[in-house]
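Undergrad: Here are the chains, one letter per residue:
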Amino acid sequence: MSESPSDLPVTDRDGAGGVSDSSHVGDAFESVITTRDLSVFYGSYQAVRDVDMEFGKNRITAMIGPSGCGKSTVLRCFNRMNDLIPGARVEGTITYHGQDIYAPDVDTIEVRRRVGMVFQKPNPFPKSIYDNIAYGPRVNGWKVDSMDDVVEEALTRAALWDEVKDKLKESALALSGGQQQRLCIARCIAVQPDIILMDEPCASLDPIATSKIEDLMRELASDYTIIIVTHNMQQAARVSDRTGFFTADVDDKGERHGRLVEMDWTKKIFTNPSDPRTEGYISGRFG
Amino acid sequence: MTITAPPPKSPTSSDAPLLKTTGEPLRERAFKWMLWFCLAVGLVTLVVLLTYVFIKGWSRLDSRLITDMPSSVLPETAGAQSAITGTLWLMVFTAIWSLPVGIMAAIYLEEYGDPTRWYNRVIEINLLNLAAVPSIVFGILGLAFISRGMGFGPTVLTGSLTLALLVLPVVVIASREAIRAVPQSIRAGSLALGATRWQTIYRQVLPAAVPGISTGAILALSRAIGEAAPLLMLGVSFVRFNPDGLMSSFTALPVQIYSWTTEARPEYADLAAAASVVLLVILLAMNSVAIYIRNKTQKRW
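Line by line, the protein sequences give chains Z and D.
For the first sequence, my numbering begins at 1 and goes up steadily by one.
For the second sequence, my numbering begins at 288 and goes up steadily by one.
Take the hints with a grain of salt, since some may be wrong.
[Said to hold, decoys possible] Straight line, CA to CA, 25 angstroms or less: simulated BS3-like cross-link-like pairs of lysine-lysine:
#, chain 1, residue 1, chain 2, residue 2
1, Z, K267, Z, K121
2, Z, K143, Z, K165
3, Z, K57, Z, K212
4, D, K583, Z, K169
5, Z, K267, Z, K212
6, D, K583, Z, K127
7, D, K583, Z, K167
8, Z, K212, Z, K253
9, Z, K212, Z, K165
[Unchecked claim] Beyond 12 angstroms from chain Z on every Cβ pair, some chain D residues (computed):
#, residue
10, W320
11, L330
12, L333
13, Y339
14, S358
15, V409
16, Y489
17, S501
18, I544
19, T548
20, V576
Hints were generated in silico from the structure; no laboratory data involved.
Virtual Cβ for every residue (Gly too), placed ideally from N, Cα, C.
Start from the sequences and build out the full structure, keeping to the hints where you can.
TA: Written out as structure tokens, the structure reads:
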């Protein structure tokens with residue numbers, strides 16, 4: 001099945017159709033997370049306004065843009081981590097497989113289990129490597145036949161097993177930064193999420209560790225839907241299938257409000273963006 | 288094109304000005320000495336005090352202190368056994384009353400209480416004020432409400448409840464500090480894996496905060512057992528038996544020391560000094576444990 005422009009998800013400003021990423025030609029686009037008129041407030045301050053996005057199944061979607069444009073804020077809505085910030089409020093809708101995740105009767109815990117998250121700074125628990133992985137299954141009360149198998153599988157999938165298989169009982173804090181971040185990915189995989197959110201996962205890593213994480217992301221994309229926020233445009237270009245570009249408008253009171261400028265196939269965003277602001281950012285003229 | 292700028296002066300060239308050889312400026316040295324002096328005032332006082340108490344009490348620092356009961360008639364056969372056991376009873380029950388409540392209160396304030404709500408701010412301000420209330424005031428409270436109001440009398444129960452109220456704000460404040468020191472990223476990591484709030488607190492926050500909480504708790508308790516004023520207010524005095532339950536009357540080391548110092552005969556002054564050494568040893572031991580726990584379990588994130 002070939003992909004025609006009409007199969008592409010429609011974003012608010014993009015009527016031009018897209019150039020699909022060559023690696024995914026022929027794949028149908030099935031939206032796992034969809035936002036409509038999403039606005040996020042911190043108290044009375046509107047951090048992000050009217051974001052309409054779609055995130056395709058088994059795709060890597062990157063969110064790029066200058067600092068303070070609300071990318072991370074939007075990302076944290078998808079597993080309701082913003083709930084933890086006093087005064088944070090979400091307007092509009094976010095649906096997960098068609099279900100509103102902000103509906104009053106939705107179990108936040110369930111959302112967070114299905115939508116895993118990897119943070120900017122690796123945050124392993126001050127426990128052993130084994131216990132870090134086993135933590136998720138344990139807190140979710142799963143009866144697993146063999147926790148050892150769960151741990152091994154998660155670490156293998158995160159490309160960390162060979163490096164740590166002989167020191168599973170040692171503290172996770174003794175690992176290097178890149179290993180810690182892969183451990184956090186493994187920890188996330190161990191609860192079998194559907195979506196993995198990554199908030200600048202390589203921001204504190206060196207280039208070699210970064211490239212390992214990027215390879216891992218490409219591998220994981222066959223089973224998971226990945227949404228990544230990154231400041232590194234080359235990273236977005238290298239790993240993502242689709243890219244959303246955010247920017248911030250400054251209103252007359254001097255407050256910054258983040259918004260989505262355009263969202264399209266990564267190749268198109270980086271070669272032939274529809275909006276001049278995207279082009280300006282990509283080519284380094286601002287931001 | 289020719290280079291017109293003069294070549295940079297080499298620092299080793301002979302016409303460079305010599306470095307000043309006056310050393311550290313006088314003002315700097317003077318300030319440092321002043322700081323040393325201030326520190327010395329505190330330390331010297333403490334050392335003199337300890338030495339004095341030790342020398343004064345030396346003649347009575349023997350097994351009689353531990354094996355014998357106090358006496359106001361025969362100083363040579365008097366010991367401090369009932370006071371030592373009373374202090375230990377007090378310490379244990381003060382801990383039992385104040386620690387769970389204090390730690391739970393700290394968990395609420397740090398993990399659940401929304402600091403933007405007025406009632407949480409009121410609680411916070413009250414807590415800080417309570418920590419600064421003189422202990423004698425807690426003694427009056429204990430006398431009025433616990434001893435007389437509830438009719439418990441001058442018992443271990445009344446004493447430990449009063450001291451628990453006294454140290455509660457300190458326990459809460461210390462526990463809050465310890466809980467706050469646990470990085471937010473650990474909570475976020477746990478919650479993002481589908482852990483509930485309580486699971487996150489119980490499995491991540493509290494274990495990481497235990498060192499800080501226990502140091503704070505030990506320091507609070509050592510403050511409690513050093514207190515004489517609230518106990519005197521409660522009417523705790525001289526008894527010649529060890530406590531045998533919560534409703535038993537008792538005496539405690541600070542009270543015993545105080546009552547010996549009011550005796551006219553000089554032997555009692557020696558006895559008071561010896562009992563002070565015992566109290567100091569208990570306090571220093573507790574503080575050492577606190578320091579040990581802190582150093583042993585210090586976390587690097």
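Undergrad: Between Z:K212 and Z:K253, does the CA-CA distance stay at or below 25 angstroms?
TA: 44 angstroms, violated
Undergrad: Taking the shortest Cβ-to-Cβ distance between D:S501 and chain Z, state whether it exceeds 12 angstroms.
TA: Given a closest Cβ separation of 17 angstroms, the condition holds.
Undergrad: Tell me if the straight-line CA distance from Z:K143 to Z:K165 falls inside 25 angstroms.
TA: 23 angstroms, holds
Undergrad: Holds or violated: Z:K267 and Z:K121, Cα atoms, limit 25 angstroms.
TA: The hint is violated at about 28 angstroms.
Undergrad: So D:W320 supposedly isn't at the interface. Is its beta-carbon more than 12 angstroms from every beta-carbon in chain Z?
TA: 43 angstroms, holds
Undergrad: With 12 angstroms as the threshold, tell me whether D:T548 passes as away from chain Z on beta-carbon distances.
TA: D:T548 clear of chain Z: closest Cβ-Cβ about 50 angstroms, beyond 12 angstroms.
Undergrad: Is the nearest Cβ of chain Z still more than 12 angstroms from the Cβ of D:I544?
TA: 44 angstroms, holds
Undergrad: Is the nearest Cβ of chain Z still more than 12 angstroms from the Cβ of D:Y339?
TA: 46 angstroms, holds
Undergrad: For D:K583 and Z:K169, compute the direct alpha-carbon distance and say whether it is at most 25 angstroms.
TA: Holds. D:K583 to Z:K169 sits at ~20 angstroms (cutoff 25 angstroms).
Undergrad: If you draw a straight line from the CA of Z:K267 to the CA of Z:K212, is it 25 angstroms or shorter?
TA: Holds, at roughly 22 angstroms.
Undergrad: Within 25 angstroms, alpha carbon to alpha carbon, are Z:K212 and Z:K165?
TA: 18 angstroms, holds
Undergrad: For D:V576, which was marked as not at the interface, is the minimum beta-carbon distance to chain Z over 12 angstroms?
TA: At about 22 angstroms from chain Z, D:V576 clears the 12 angstroms cut-off, so the statement holds.
The structure is inconsistent with the numbered hints 1, 8 and 16, although it conforms to all the rest.
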